[in-house]
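Starting from the known structure of chain G, fit chain Z onto it as the hints suggest.
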Amino acid sequence: GAVVSQHPSRVICKSGTSVKIECRSLDFQATTMFWYRQFPKQSLMLMATSNEGSKATYEQGVEKDKFLINHASLTLSTLTVTSAHPEDSSFYICSAKDRSSGANVLTFGAGSRLTVL
Amino acid sequence: SQQGEEDPQALSIQEGENATMNCSYKTSINNLQWYRQNSGRGLVHLILIRSNEREKHSGRLRVTLDTSKKSSSLLITASRAADTASYFCATANTNAGKSTFGDGTTLTVKP
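In the order they appear, the protein sequences are chains G and Z.
Residue numbers are given in my numbering: position 85 of the first sequence equals residue 85, and the series is strictly consecutive.
Residue numbers are given in my numbering: position 22 of the second sequence equals residue 22, and the series is strictly consecutive.
Chain G on its own, in the form it takes in the complex:
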């Protein structure tokens, strides 16, 4: 079945540094990937839609300069949290839709837990 690899699974960084999270579709091509943020015991909040070869579409209230998204190939999207602060600490999850699939089924990465000190 479809597999999405997300890396790193955990990252701890100092305030002011930038952190990059990768999301790879391993056995399918994804023209669209999605990035979410999840707070403890809460639902997923869609941050942005990553489109291969074009600019990402950000949801209202999400700072595009803070959360940089790059989708340079059909199998890789990256989320960079720039100048991270403690309030950016969260669980970040990506998902991808198989471009060859007509159904609306998303395959999720395992998530990345970011802790900003």
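If you're looking for bench data, these hints aren't it; they were derived computationally from the structure.
Don't take each hint at face value.
[As the list claims (entries may be wrong)] Within a straight-line C-alpha distance of at most 27 Å, the following computed DSS-like cross-link-like pairs (lysine-lysine) qualify:
1. G:K66 x G:K55
2. G:K41 x G:K55
3. Z:K56 x Z:K69
4. Z:K110 x G:K41
5. Z:K98 x G:K66
6. G:K41 x Z:K70
[Claimed, not checked] Cβ pair distances, simulated, as ranges:
7. Z:T108 x G:V3: 27 to 35 Å
8. Z:R60 x G:K64: 37 to 45 Å
9. G:N70 x Z:Q14: 23 to 31 Å
10. Z:E15 x G:A110: 25 to 33 Å
11. Z:N52 x G:K66: 36 to 44 Å
12. G:R99 x Z:S68: 32 to 40 Å
C-beta: ideal position from N, C-alpha, C; glycine also.
What follows is chain Z alone, placed relative to chain G:
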């Protein structure tokens, strides 16, 4: 209230019992999906039901959809301790992948 609300928020049952979770939504949809999330992990797709379908089965899972009431239910029969997880419904108005997730139901199955 946001699109895709589940109830109950938390459900605790004994192994072998059935678990029923409900999801309500507000806008028109193309399809509705149910996902499962183990603690600290990503989501796993369980089942998708299209707007023109009323019921769907997959193993021990049964999903119903009532578009007139804008609601869906997920039934897990003969639950197992390994079913302990959070369950989310997600709605979409296209097949493009963008879905809105509900608040989730945390299910605990006691052995």
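Comparing the hints with the structure gives:
1. G:K66 x G:K55: Roughly 15 Å separates the two Cα atoms, so the pair holds.
2. G:K41 x G:K55: Violated. K41 of chain G to K55 of chain G sits at ~31 Å, over the 27 Å cutoff.
3. Z:K56 x Z:K69: With Cα atoms ~17 Å apart, K56 of chain Z and K69 of chain Z stay inside 27 Å; holds.
4. Z:K110 x G:K41: Satisfied, since the Cα-Cα distance of roughly 20 Å is no more than 27 Å.
5. Z:K98 x G:K66: holds (22 Å)
6. G:K41 x Z:K70: holds (25 Å)
7. Z:T108 x G:V3: 27 to 35 Å: holds (28 Å)
8. Z:R60 x G:K64: 37 to 45 Å: holds (43 Å)
9. G:N70 x Z:Q14: 23 to 31 Å: Taking Cβ atoms as reference, N70 of chain G and Q14 of chain Z lie about 48 Å apart, which means the hint is violated.
10. Z:E15 x G:A110: 25 to 33 Å: holds (27 Å)
11. Z:N52 x G:K66: 36 to 44 Å: At roughly 41 Å between Cβ atoms, K66 of chain G and N52 of chain Z fall inside 36 to 44 Å, so the hint holds.
12. G:R99 x Z:S68: 32 to 40 Å: Holds: the Cβ-Cβ distance is about 33 Å, inside 32 to 40 Å.
Checked against the numbered hints listed earlier, the structure breaks hints 2 and 9; every other hint is satisfied.
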